[in-house]
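S.K.: Line order of the protein sequences matches chains A, B, C and D. Quick note on full-length UniProt numbering: the first sequence kicks off at 1 and runs consecutively. Quick note on full-length UniProt numbering: the second sequence kicks off at 1 and runs consecutively. Quick note on full-length UniProt numbering: the third sequence kicks off at 1 and runs consecutively. Quick note on full-length UniProt numbering: the fourth sequence kicks off at 1 and runs consecutively.
Wrong hints could be hidden among the right ones.
Chain copies aren't distinguished; within one or between two, either way the pair holds.
Unchecked claim - Calculated cross-link-like contacts (lysine-lysine; reagent style BS3-like; alpha-carbon spacing at most 27 Å):
id, residue 1, residue 2
1, 36, 163
2, 3, 111
3, 274, 163
4, 3, 264
5, 3, 274
6, 36, 274
Simulated from the structure, these hints should not be mistaken for lab results. Just so it is clear, the structure is predicted and the values come from calculations on it, not from any experiment.
Number of protein chains: 4
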Amino acid sequence: MIKVGIVGGTGYTGVELIRLLLGHGGVELTAVTSRKEAGMPVAEMFPSLRGFVDLAFSDPESSDLNRCDLVFFATPNGIAMQQARSLLDAGVRVIDLAADFRISDVQEWEKWYGMSHASPELVAQAVYGLPEVNAEAIRSARLVANPGCYPTAVQLGFLPLIKAGVIELDSLIADCKSGVSGAGRKAEVHTLFPEAGDNFKAYGVSGHRHLPEIRQGLSRVAGQSVGLTFVPHLTPLIRGIHATLYARLKSDVDLQGLYEQHYKEAACVDVLPKGSHPETRSVRGANVCRMAVHRPQAGDTVVVLSVIDNLVKGAAGQAIQNMNLMFGLPESQGLRQVPLLP
Amino acid sequence: MIKVGIVGGTGYTGVELIRLLLGHGGVELTAVTSRKEAGMPVAEMFPSLRGFVDLAFSDPESSDLNRCDLVFFATPNGIAMQQARSLLDAGVRVIDLAADFRISDVQEWEKWYGMSHASPELVAQAVYGLPEVNAEAIRSARLVANPGCYPTAVQLGFLPLIKAGVIELDSLIADCKSGVSGAGRKAEVHTLFPEAGDNFKAYGVSGHRHLPEIRQGLSRVAGQSVGLTFVPHLTPLIRGIHATLYARLKSDVDLQGLYEQHYKEAACVDVLPKGSHPETRSVRGANVCRMAVHRPQAGDTVVVLSVIDNLVKGAAGQAIQNMNLMFGLPESQGLRQVPLLP
Amino acid sequence: MIKVGIVGGTGYTGVELIRLLLGHGGVELTAVTSRKEAGMPVAEMFPSLRGFVDLAFSDPESSDLNRCDLVFFATPNGIAMQQARSLLDAGVRVIDLAADFRISDVQEWEKWYGMSHASPELVAQAVYGLPEVNAEAIRSARLVANPGCYPTAVQLGFLPLIKAGVIELDSLIADCKSGVSGAGRKAEVHTLFPEAGDNFKAYGVSGHRHLPEIRQGLSRVAGQSVGLTFVPHLTPLIRGIHATLYARLKSDVDLQGLYEQHYKEAACVDVLPKGSHPETRSVRGANVCRMAVHRPQAGDTVVVLSVIDNLVKGAAGQAIQNMNLMFGLPESQGLRQVPLLP
Amino acid sequence: MIKVGIVGGTGYTGVELIRLLLGHGGVELTAVTSRKEAGMPVAEMFPSLRGFVDLAFSDPESSDLNRCDLVFFATPNGIAMQQARSLLDAGVRVIDLAADFRISDVQEWEKWYGMSHASPELVAQAVYGLPEVNAEAIRSARLVANPGCYPTAVQLGFLPLIKAGVIELDSLIADCKSGVSGAGRKAEVHTLFPEAGDNFKAYGVSGHRHLPEIRQGLSRVAGQSVGLTFVPHLTPLIRGIHATLYARLKSDVDLQGLYEQHYKEAACVDVLPKGSHPETRSVRGANVCRMAVHRPQAGDTVVVLSVIDNLVKGAAGQAIQNMNLMFGLPESQGLRQVPLLP
């Protein structure tokens, strides 16, 4: 059994990690920390876990995380970069679900995240944890930067096109819609039910932190810099991301065949039949990205529809998928949940 | 492996049965019928099941349901009463998730359901499948009438009080709120998103079909006729029932102790700590009834709060709980889903 | 034109007051204060008001509220009790939409609201602003305590029964469901979209601040102390309260006739035809309480269904109704909005 | 007073027309027809109208619509084309809120709408009722084709760019999100609350009926054929459309200035300050299109965000705006509703 700890267990990615790990079969959850809620039983804060979890939140200092085989950081940005070093030195592997190690260019990171990086030397060691791209590197990684939710949906959607070299790379468009849980479980006015309910809006059009992450990922695959317009929107869903991707074709290609071929071995990507429209609820609670590819009116513009559960394939599920790779387990162990529909 | 068939697989209880049976481990799903959708792959109608189910909907006539060990009817009212006889004669056990066998008094049933009963003789044989009351009879039943969603939440909430004989029985009140999936997956105006969304209303105050079912169940336990006012409401949830129950105490009693004691062996009922308020989302997707008991201002009125997922403990999950009892399996096999929160 | 000021304009009752006053025709809005947002244009915080309001939030100190004819307090509890005195002394009339002057028994108020009352002497002067009960006193009031949202729906629903003396007064039950805007526009975890969305729960069963207010109002009308169990619930609506009221009849009576007669002159109460079920959306945005009265199975229990928009008849609209009475205007001037449906 | 009739008053555009006309001040509503509901009081079907409307639905045959000055068709596609002729011959002006007269190319229309056109000769007479483009023609029109909801949001958003000639016209992208009321008030499974709630999906990517309408409108303004990719999505809103528009700039331009200048005289378009993100709720219930224009990272791609209430500026409100022009009234008479927020 892999001994696992979770730092920062009071947010949505924390409770989702616990839910998924409970059914994994190969892990022992030894600690869930929270500075603020230390002492409170986890199942008191999250009654959905009553009968499943006996742990109480523990103080990070007293939690003996050093004895874990793996520690997940389900913390706000800026925490893992301060605490990962000592865990890594103690031989503990680390998966950070926040953004601390996602951007290789530390200056770029500091610009978008508005803080100095506490461990720039770790950034170079970190492996970007998108298993559909980086499985080999993840298998031997000590420190994994789990991708953001938007970046997961967008990169998986564009990958086959970029790998195949069939689109113009200077003007990609990613029009993305996210459920409100993507904003986390923190008290803020703009995500209150009466603000976000029955309402739809774009935000961060002039620039969003996930833009450099997506650009970095796509550029690596392309072998050259890509031009991307990224517009995120908030939609009254609890969970779910829908990415609608647009690119200009520069050569004719069997798009459906290309996508099916590209993902035929992927454990956690599902290419829908031609003409489909994936729904966010078809992945609710599950670690899968479903996608469909269209070429409206047989024109030059290819449209990719890509959906994930932002808390699962966009966060906690993908982290477990990375853990499985790091520990030599089947990639989708513990990740075969049937989505909840309706 | 228990060979299982589902008659009527295109509704919400059908797809939920499939979801839960997929993780059960002791059943083989051999047929899912639909007269209307015969030939369509199940996972095409419900993309959440892609990768899990290879079956197509089959025509009921050609489905060879007679070779099943158990058949679930996830059909509208009035179907099982026509088709159960031949299955039972062939040695197949039957669980009806509709209302055909719930009311012992056939005349009463015909009054509320507005049709003649096709198999009154089967009504007497049927066992009312509320495992927390009828476990012994269910174990040996050939035909189980799976309870309605409201009746499950209401009966489980009142049971300890009635068994203990501590309340007046002539004026019980059940103020119940249901998510919209309780109305089923059929095209109707009043459950459209723009009608039921951002809206709250009572319905059926003058009389609802679940009233005689609840009265029958409570009266059996009480050993006398009970008086009940039942007011159902439609609330903009997808899943979930919240029953708020009121009764007048006639003797002083340790209510918290009473409830904990009553349900201490129950596999699928969770009594919350004193002072709690159960949330519907704390049971989303799970086969559990969570409840709390209150006595506001130490007065004569006891208030019980009882929540279930109407599609699980209120339908498909409870049906599987009954199946487990009928086939000598652990009562909660395949029913240990962690609720999805948020 | 009545010169009007609003203290505390950044919450939901504030913006709703502005929306309604814009169409009133008899008022001039001279100041909307906010200590925190002073200087920000009102229409920048609430883009729905673009093109209608040129005011910026002003600092309460510099707002010259003393020159108003009327000041509305749309503030948290505990503000009006500190500031009303000087306004009243300057001849300004005051309507407090918070709870500071609602409870005559100051000790009781201090117990439920957890603070010392800053102006107990004003409590005695204040008129409880439920126009359907107190119209005469309101007309000459200098200080009006605008009722709470739950108390409005509950009192209006019970009034005809109590006035007629046809129910037992020791065991009234008010099972109430509120939309989330009732919790106000403040950053809190439990009203976030992912917490309150697709979720239903009771809260405050052991005691809620609106309980003493309702009891006081009903007891005054009854001429004796009434016994009430009040259970509020949070439902995933933005706006709307649905009160389901239960009482035991002690004499036979034409309930429909009683209700129609009682409210036949009421400008802002609508008694629905026999057998109706009022929906919250039928009052969305409008200053009306719609209700229906039922006697299920012709038994002893009467059930009243009463709906309001918590921000209108439950707050801002009722405040304007009170203002109209205080200034000798038609009671429903500016309050004839057609509800928004769907 | 203008004598007005509504054909087909039981849908969402019908009830919204009534709501808005009630506050117009210059019209007399003489008939609301419904073949199916003839005889039922309008306010019985829509209790939001209780106290405002005494009319009952009338049979179209017996409604004497010929005596109206204006008849609105709030019917499904294919009705107005059969009935408009006789009204026009009787001197009645007609505004069709459905699609019958929107597409000039009758063959194109028949292809997309799947029926033969009953009055091709009327198509040529009809004026496309987008007042921000066609005000002059509308003023003298006898027959107005009221634009679709998506086409309104998209055309208003692109207009300033196309008029100014600053974008490439071969690859416009319109990524649009609609609330569910856009699908109308008809019983269908895919718009049930449990289907459309907490769910997000694209639809009609290979081709949607609003595509030729948008292309026609933009091409007329451009003076040449434009290339457009149009992807509609269904989002769990009741009301609201959010169009996110992408185009490639071919010359440098002050975008903010361009938009403010273009719409400075427009009564029903609101250009937000630079950097803004319009929310759908900021137009809820109101006849206004709010928009913002962005140029992310100062690149070649311009992003326009455009929001309307699909039932108001996208349907009933725009129809009244057209009526005002046709009858020489101020363009926004009766259309100054303050949006309902929250």
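S.K.: It remains to establish, for every hint, whether it holds in the given structure.
M.R.: Here is what the structure says about each hint:
Taking the shortest alpha-carbon separations for residue 36 and residue 163, neither the intra-copy value of 46 Å nor the inter-copy value of 43 Å comes in at or below 27 Å. In this assembly of identical chains, the alpha carbons of residue 3 and residue 111 never lie at most 27 Å apart, being 36 Å within a copy and 50 Å across copies at closest. In this homomeric assembly, residue 274 and residue 163 come within 27 Å of each other (Cα to Cα) only inside a single copy, at 20 Å, whereas the closest approach across copies is 37 Å. Taking CA atoms no more than 27 Å apart as the test, residue 3 paired with residue 264 passes in neither setting, with 32 Å inside one copy and 32 Å between copies.
When the C-alpha separation of residue 3 and residue 274 is checked against a cutoff of 27 Å, the pair qualifies neither within a copy, at 43 Å, nor between copies, at 34 Å. Only between protomers do residue 36 and residue 274 lie at most 27 Å apart by alpha-carbon distance; the minimum there is 24 Å, versus 50 Å within a single protomer.
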